[in-house]
Structure formats: C-alpha cells, structure tokens
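Visitor: Here are the chains, one letter per residue:
Protein chains: 2
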Amino acid sequence: MKLKNLVSSTLLAAVGIACTATLAQQAAKPEQLIKWRQSAFQVIGWNSGRIKASLDGTYNKEDVVKAAHTLAAVANSGLGSLFALGTDTGKGWHDTTAKPAVFSDSARFNELSANFAKEASELAAVAQNGDAAAVKGQYAKLTRTCKTCHDDFRTAN
Amino acid sequence: MKLKNLVSSTLLAAVGIACTATLAQQAAKPEQLIKWRQSAFQVIGWNSGRIKASLDGTYNKEDVVKAAHTLAAVANSGLGSLFALGTDTGKGWHDTTAKPAVFSDSARFNELSANFAKEASELAAVAQNGDAAAVKGQYAKLTRTCKTCHDDFRTAN
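Taken in sequence, the protein lines are chains G and R. First residue of the first sequence: 257, per our numbering; consecutive thereafter. First residue of the second sequence: 257, per our numbering; consecutive thereafter.
A couple of the hints might just be wrong.
A pair counts as met if it fits within one copy or between any two copies, since identical chains are not told apart.
Stated by the list, open to error - Once the Cα atoms are required to be at most 35 Å apart in a straight line, the calculated DSBU-like pairs of lysine-lysine come out as: (1) Lys392 with Lys355; (2) Lys285 with Lys392; (3) Lys285 with Lys347; (4) Lys403 with Lys392.
No lab work stands behind these hints: they were computed from the structure.
Could you put the whole structure together from the sequences, leaning on the hints where they help?
Guide: Structure follows, in structure tokens:
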C-alpha cells in the first residue's frame, strides 16, 4: 500500500509539474481538452478576422474594441492547461495540429504563449484608446507572435 | 441601373437590419459562422466548468477570475452576428442546434443574449472583488440565463 501511495503521489506530482491544468481539466478527457483548445483558436481566428476586416475596409471602432477584448481574454485565459499530458495525439473536432514540441519543449511554448497574451492585451488597450493606424501597428505585432508560434508548434494543415 | 442600385441598397439594408454581422462576417460561409458560434459556446462551457470546479472543490481565485473574464468577453463579443441569415440550418463542427425561433423571434433571442452578457460581466466583477460565496450566487444567476435561452432556442442534443 505504501509503495502504491508513493507511486500515485509521484504520478500526481509529475502531472502537476508538467502542466498547469486544474483538477477539473485533468478530469476532462483528452478529446474534450483538444476540442476546447481547437474551439479557443477558432474564436481567436474569428476575432482576428474582424479586426483585419475593419483595417482593410471601413474602420468600425466598436467592433474592433469588442474583437480585441475577446482576443485578449482568450489569450490570457490559461490556454496552456488545454495542452495537458495525454493530448499530444488524438482528435477533438479534427486531428490535433499540435507538434510534439509543444510537449517536449514546453518552456519555449509557454514563452511564446506569454508573448501572444502580452501583445493581445496591448491590442485591447490600443483599440480602446488609439486610432486605426495605431491598431494596425499593434495588430501586426500580434500576428507576428501567432506566426512564430505556428511555425514551431503547429503542423501545416 | 437605378432600379438595380435600389434593389441592391434595399437588400443590403434588409441584411443590415436582420443581423448585426460585419461585412467580414457576411462574407464568411454559413459553415464557418456555425463553426465559430459552436466554438464560442465551447469556450463558454470550458470556462463555466472551471468556475463550477472551483466552487465545488478548492476555490482558486486566480483561475475563477481568468475564467469569468473570458466568459464575459465572449458573451459580450457580438455572438448575435454569428446567427446570420442563412445559418438556420447546416453543419459547423456538427449540425446546428439552433432552433428556428432564433431567426423568427430575434427580438427575444437578442434580449436573452443581452441578459447573459450582463450577468457574465457582473460575474467577472464579483470574481475580482468578491469571495467564493458571492461568486456562487452570481454564477447561479448566470447559469439561469443559459438555461432560459437553451430552453427556448436550442434543440436538445
């Protein structure tokens, strides 16, 4: 029994170190975690597209503010917890496009995620207080953080 | 030419009144709009679950604040634009679960959406400044707005 407890404790500790998932998320099945993260990135894509449409067409400040605020909230929501152990392969809405490096080089993945969250927060602030030109500049900074992370951590699809 | 322009203008005005979609979203295909809204509700479900897990288990203020903030942002993001004309039937990640009433009684749908957004914003404020008991009370108010809307506007699935 003691050995069994020790093994259980060690496993739990390893899970706790390797990912930042809450207990609720640890209880969720890999398929659900992958669905959630694929959904979060769809919401990011939707809102990124709204901002781009405003920059390319007629600038709609109210729409850009809403979109940037949503982007920032999702970017800062704790997406890393959805890349928990056991979700390196598998299917959510579709096969995961996460490269193995997400799990083998989590330090760099977390660093790039933090950059993305930082630039998204800055975009929300600029959208509220700045003009279209300022938003365009900050949006370009944000999309560079997307590309950098996708290059290293997402398979082409 | 004048008649054609008039017809085009009238059609555009009708679309503008019938939904709040931006030009970019009007350009998106129904399948994409349905994917985006299904994704948004998955993100809502993920974050609602995080708050419930904290209330049912060990309260984690940082996690609840992040989750409530994400919920509020998505609830206030302009989800109504994803229920655009032509998306009453069809498949995103799966067949839409929107009832025809979403499109035939958009006034009530918008009213219930606004209630949801209001209670989600209040939850974000309570999460930041209140204790677990206060969050529990406001979370119950929020989930009642979910249920009311689902009863009227979502098919059982």
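Visitor: Cα distance capped at 35 Å. Does Lys392 pair with Lys355 within a copy, between copies, both, or neither?
Guide: This pair counts as within: shortest intra-copy Cα distance 30 Å, inter-copy 39 Å.
Visitor: Within a copy, between copies, both or neither: which one fits Lys285 and Lys392 at a CA-CA cutoff of 35 Å?
Guide: between (39 Å within a copy, 26 Å between copies)
Visitor: How would you classify Lys403 and Lys392 at a CA-CA limit of 35 Å: within, between, both, or neither?
Guide: Result: close within a single copy only, 16 Å intra versus 39 Å inter.
Visitor: Are the CA atoms of Lys285 and Lys347 at most 35 Å apart within a copy, between copies, both, or neither?
Guide: both (11 Å within a copy, 24 Å between copies)
Consistency note: the structure conflicts with none of the earlier hints.
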